[in-house]
Amino acid sequence: MLKQYSFDKTAVQTFDAQTSLALKTEDLQVFYGTNHAMHDANLAFPKNQITALIGASGSGKSTYLRSLNRMNDTIATVTGKIWYHGVDINEPNVNIYEIRRHIGMVFQRPNPFAKSIRENITYALRANGVKNKTELTERIEKSLRGAALWDEVKDSLDKSALSLSGGQQQRLCIARSIAMAPDVLLLDEPCSALDPISTVKVEETLLELQKQYTIIIVTHNMQQAARISSQCAFFHLGHVMEYTPTGTMFSNPQIPVTQDYISGSFG
Amino acid sequence: MNAKRKDMIATVIIDLIVAIVVGILFFLLAYILIKGLPHVSWSFLTGATDSFDGTGGIGVQLFNSFYLLVLTMLISIPISLGAGIYLAEYAKDNWRTSLIRSAIEVLSSLPSVVVGLFGFLLFVVKFKIGFSVISGAIALTFFNLPLLTRNIEESLSAVPRSQREAGLSLGLSKWKTEVGIILPVALPGIVTGVVLSAGRVFGEAAALIYTAGQSAPVTNFADWNPMDAASPLNPFRPAETLAVHIWKMNTEGLASNAAALSAAASAVLIIAVLLFNLGARVLGSYLYRRVTASK
Ligand SMILES: Nc1ncnc2c1ncn2[C@@H]1O[C@H](COP(=O)(O)OP(=O)(O)OP(=O)(O)O)[C@@H](O)[C@H]1O
Ligand SMILES: [Mg+2]
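Protein chains in written order, with my numbering: chain A, 1 to 267; chain B, 268 to 562.
Watch out, some of these pointers could steer you wrong.
Chain B residues, not near chain A, derived (Cβ > 10 Å throughout) [said to hold, decoys possible]: (1) A277; (2) E432; (3) D490; (4) A534.
Capping the alpha-carbon separation at 30 Å, the derived lysine-lysine pairs in DSS-like fashion look like this [claimed, not checked]: (5) B/K395 / A/K133; (6) A/K24 / A/K133; (7) A/K142 / B/K441.
Hints listed in this document are in silico derivations from the structure and should not be mistaken for laboratory results. C-beta: ideal position from N, C-alpha, C; glycine also.
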């Protein structure tokens, strides 16, 4: 029997005016038809830090994350505000294609294009008008280095991306995203299909990348959240229950529901 | 009876059924080829038919079949590509879409002779185009469209959703994602479907008897201006195809060797259709390796 927790008792941190924020949501709600999947999410994401979103399956982590770069546009109704550089990007008239170039996304299952490694990175760049050969070559190397994949593939850039291992494919997907030079990177359980060694590689990559990017990552793995994130948001049944610095969340959770989740005595 | 035994019996039965199917196919092929091939010669493949008794070669018919095929494909591929992309990617799941789908299903189940008669009434009689390549091509398009559209839609839908999300998440437009990422992955399947349908179109007779006509006027193969009446490329001339020719030989062949001639023509037709099937496989897997860059 699932324990009932009050949704009124939450502990969500805010940031003072000195902290520069990359992204912030205000009363974000998501509806799949009549299913109210996300209630009033008020979260702010500090620049150049990793924020982890944790919570049980079906608690709305992906739903929330996908709303941030408007990937839910055709499947759900999203209300509320998403502040990005002083603009509410949840307005109907913003250019969603532009937004997605600034807010990149990496999915749970590696989904490289059925093209060569090189084209995986250059295809979207070309479509966005980067045609210069030297610049493309530079971007390929830079993004593959950024994703810690360069040494493994530099001699086989024309091989099919599908011939890479799962972990390499996932890092290629990260490279593909950062090649667009976004400033926020959204990752939805990027390591769930990977073995421990590939996972470590991806984590190291992310820790390196936070110097340049703001990273928001959904994870089921609490050790992972503890290892890499600066703050952590805990989702429960479509509500953000607690949002605190990662150290606090794991050593001293503020409310009963988080305590139970962290200690594993949940539900 | 234990599970292992049951398993064995089921396997034997299934093997037997497969053997029967394959056996029938080989028997048919062997029969047609053995009866027909001895009568096939270079002069038979390239010669003209005697318009009175039907003796002579099948050169013009063979050309007509290919020409009609090319014209049909030129008309039907762009239309079905558009329709397939629309159905797979853009159509909302509502009553209008299901109406379109049922319409396509009905169209695909129309007997080809009915399509032929419709083409006859509309193009040949009403629009006064007469028995012609173009009337035949349009009739064939009617019966080719639903299959091609379905094939294209299915090939596109088989591409995982995650590929679309990858494209969209990089800021690519839906159309760009569709054409640049999804279509190449689906292309081998689409091409296989196109070539297979080419085989069907090539062998079709009923839809052509009253549209492309049953006469193959001797054409001047030195004249490639489509505007000239005697040019083989003129789309408004009547054009008996190989399949129609075979049908005609068997119903009203006057020649003493009509049976042999029709067997020879059948063998040629069968070989052409087999080549299409083979081509579909080779081209499909070649394209797959090309677009996915896997060597
Ligand atoms: N495409 C969709 N259409 C309808 N409902 C959906 C859709 N995606 C998610 N939902 C619903 O929204 C709720 C939250 O789902 P979501 O996928 O966001 O959970 P999650 O926290 O990411 O879970 P998981 O850890 O299993 O990935 C669930 O009740 C789910 O059924
Ligand atoms: Mg999820």
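Exercise for the section: Would you check whether the claim that B/D490 is not at the interface survives, using Cβ distances to chain A and the 10 Å cut-off? Expected result: 46 Å, holds
Handout entry: Holds or violated: A/K24 to A/K133, with C-alpha atoms at most 30 Å apart
Key = 37 Å, violated
Handout entry: 30 Å limit on alpha-carbon distance, applied to hinted pair B/K395 and A/K133
Key = Distance of about 57 Å is beyond 30 Å: violated.
Handout entry: Distance restraint between A/K142 and B/K441, which requires alpha-carbon spacing of 30 Å or less
Key = Holds, at about 27 Å.
Handout entry: Exclusion check [B/E432 not at the chain A interface, CB over 10 Å]
Key = The claim is violated: B/E432 sits with its nearest Cβ about 6 Å from chain A, within 10 Å.
Handout entry: Distal placement of B/A277 relative to chain A, Cβ over 10 Å
Key = 36 Å, holds
Problem - B/A534 non-interfacial with respect to chain A [C-beta, more than 10 Å] - result: 41 Å, holds
Of the numbered hints given earlier, the model fails hints 2, 5 and 6; all others are met.
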